[in-house]
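From first to last, the protein sequence lines stand for chains A and B. Under the numbering used here, think of the first position of the first sequence as 1, with each following residue one higher. Under the numbering used here, think of the first position of the second sequence as 1001, with each following residue one higher.
Rather than coming from a laboratory, the hints here were simulated on the basis of the structure. The C-beta atom is built at its ideal place from N, Cα and C for all residues, glycine as well. The reader is advised that the hints may include incorrect statements.
Listed below are several chain B residues computed to face chain A (Cβ distance under 7 Å; list not exhaustive) [unchecked claim]:
#1 Tyr1107
#2 Asn1139
#3 Val1204
Protein chains: 2
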Amino acid sequence: MSARMKLGVFLWATGHHIAAWRHPKTHVTAGIDIDHYIALARTAEAAKFDMIFCEDAAGLREANVGIASQTSRSIGFEPISLLSALAVQTTRIGLVSTASTSYNEPYGLARTFLSLDHLSGGRAGWNLVTSASPIEAANFGATGLKPHADRYERAREFAEVVTGLWHGKASGHVGQSFSVRDPLDLPSSPQGAPVMVQAGASDVGRDLAARTADVVFTAAQTFEEAKAFYDDLKGRMAAHGREPDDIKIMPGVAPVVAETEAEAREKFEELQELIPDDVGVTLLSSYLSISDLWRYPIDGPLPELPESEGMKSRQALVVEQSRRDGLSIRQLARHFAGARGHWRIVGTAAQVADELQARFEGGAADGFNVMPAYFPGELDAFAALVVPELQRRGLFRMEYEGTTLRAHLGLKRPS
Amino acid sequence: MSARMKLGVFLWATGHHIAAWRHPKTHVTAGIDIDHYIALARTAEAAKFDMIFCEDAAGLREANVGIASQTSRSIGFEPISLLSALAVQTTRIGLVSTASTSYNEPYGLARTFLSLDHLSGGRAGWNLVTSASPIEAANFGATGLKPHADRYERAREFAEVVTGLWHGKASGHVGQSFSVRDPLDLPSSPQGAPVMVQAGASDVGRDLAARTADVVFTAAQTFEEAKAFYDDLKGRMAAHGREPDDIKIMPGVAPVVAETEAEAREKFEELQELIPDDVGVTLLSSYLSISDLWRYPIDGPLPELPESEGMKSRQALVVEQSRRDGLSIRQLARHFAGARGHWRIVGTAAQVADELQARFEGGAADGFNVMPAYFPGELDAFAALVVPELQRRGLFRMEYEGTTLRAHLGLKRPS
């Protein structure tokens, strides 16, 4: 546990709520509006967030193209181009982008992120994903998604080559999947090396994180889930010669905050009522990597799931919640659609801060990746209401301690 | 021939002259100085240039790593991240980046360039290269450079898929090298489609350009070479159902300009004297794709060259010049090192304008890709002296005609 919590803001077009695009205070083309993103980045920087974070997937986000046009992230910038633009419109906040180890090569990826790092004066981070989605595979000439174990074996070597290149040590690498002769055509990073972020929660994903990650994003609905994940991952660090504090664990949180609890609940219900059933069920199908959820009665229970090479840990969370709470497909779809599988808090600034503080001080989180329900409104509300409350409690910085992302996060500068 | 000439500026760290990094008015870390690039882009935009252009190669530029630290472009930003940053620091100028068809996949590349296009309001262009250098191949796990014909076959399909994706027509493509299922997760381009740029000068390269390119960069020392290339390429357009004016041919030009001819010559000689022999010969070796040029007497003639899968047209130009002028290796090295194989003009604004006008009105060029000897000095000089002279003669715009790169270039909006 760090002295003060770390905060990221997860950018996502019109917002993280699945019906954000229907909210009267959003505009549907936000995903390709650079002025929109510049305003969000500046709001987050003024509030002293550690970083902004962009997910990525090179393909249409939902399995059903017809539904894709009805979700909050059907269109959007490619994140490296977006964050490079934001780099020169901000001065302090960290810039973390997702990029896939399945559809890139390590030399090119290492170079691009180090370039972003130099552009921003040492504020770049790479969120490593192995790309679990069959949707992306179909756009990169593959005949099918690679098995989970194969993806992680490639990812392990990929991460080793990338960090080696960042540290000037990978020249001459010849391995199972990659060979690289040259060093990069860039000097070393202003922050030692770009920050390495991961989000894999499977056993092999956790091992890769314990070996190589500086930050881990995770999804945990309950304190117990968050605490179990936290303790497990911190406990794996020693085996890789690292200290528990060398990795920052930041669960996603989807807050809806207002001056009063009633007002917050009203804002949330307004969003929930905007979710069409077909969108909710399609999103749930996508989470579960199964395409035929439509065949089952919407008011009945979740069916037994076939084995999948998709995102195993996420699937397990959904199934567990469904069984625990006895939810129908419709209920589960709406519930998950509202927070995209993340932890939701609806209430006043004090109530939100209480919950964050409990997980932070309870040893279940080093900080949080904030997923505003819609942009800019809910980011504005978090920045105006929750951040000052956290600062008042001494839980969050008043000013940036340094100029690099690694400094914000309190990470050691790599040798 | 267009009514007015088109002008690009080719960005290159400290400058195009091989000794630019030693010039007292440059700084050696210019290649990773974003403020340096922002200033250059704004100078070019104030002078109404059509575009800025970035080359790219994912590897160390020169075969000899020791020499790489002694050249003008040993370090530098990855160009997509650079141009994305420049997109939000400029409002009108076109932004063209090189990217390889050998080390990318078409879905990812089409998406990144369309993202840059949206970021910039329709100002992006892609310079397609097949990556002739064995240096890059060694960083992407290849056991050797692919043969010229194979690279171009891949490039042909790659370009087809990319332009198809930009036009919303490539979903479901299944071809020899690539298969792509989805459309892109971006709406169509503000300019119809990003501008397609090419520079291949071999027979198969010219055919690919005639089929798909909007702009062609080329290297031509003499009027006759430039005219022959121009007529050949324009003559190939009909076979692909296109008009000659659908492609803009822009040879590189390396000017050194001053108020007086004597002053210009003095500036140029100052740069030439800064070229170390070892750097000149190493650069020439790299152009020729042969590694043992050192074995031959530096004051003797160029040896017979082995067959190479490298950049055939460039090699032919060098060999031809060497034989024509009876140059020694040292002389050829210094001569080529000074302009990197491009057309050099040293003189007053009127003299430079005369030469550009002669090639433009003589039907040997639609415009020029300007390669300043060092930055920012020689770009500043060109903008302050040559541009007003061209404008006075009615050869160059006073104001931008539109807001997109396609509008600047006078290209049809693709249907």
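| field | Violations among the numbered hints | value | Violated: hint 3 alone.
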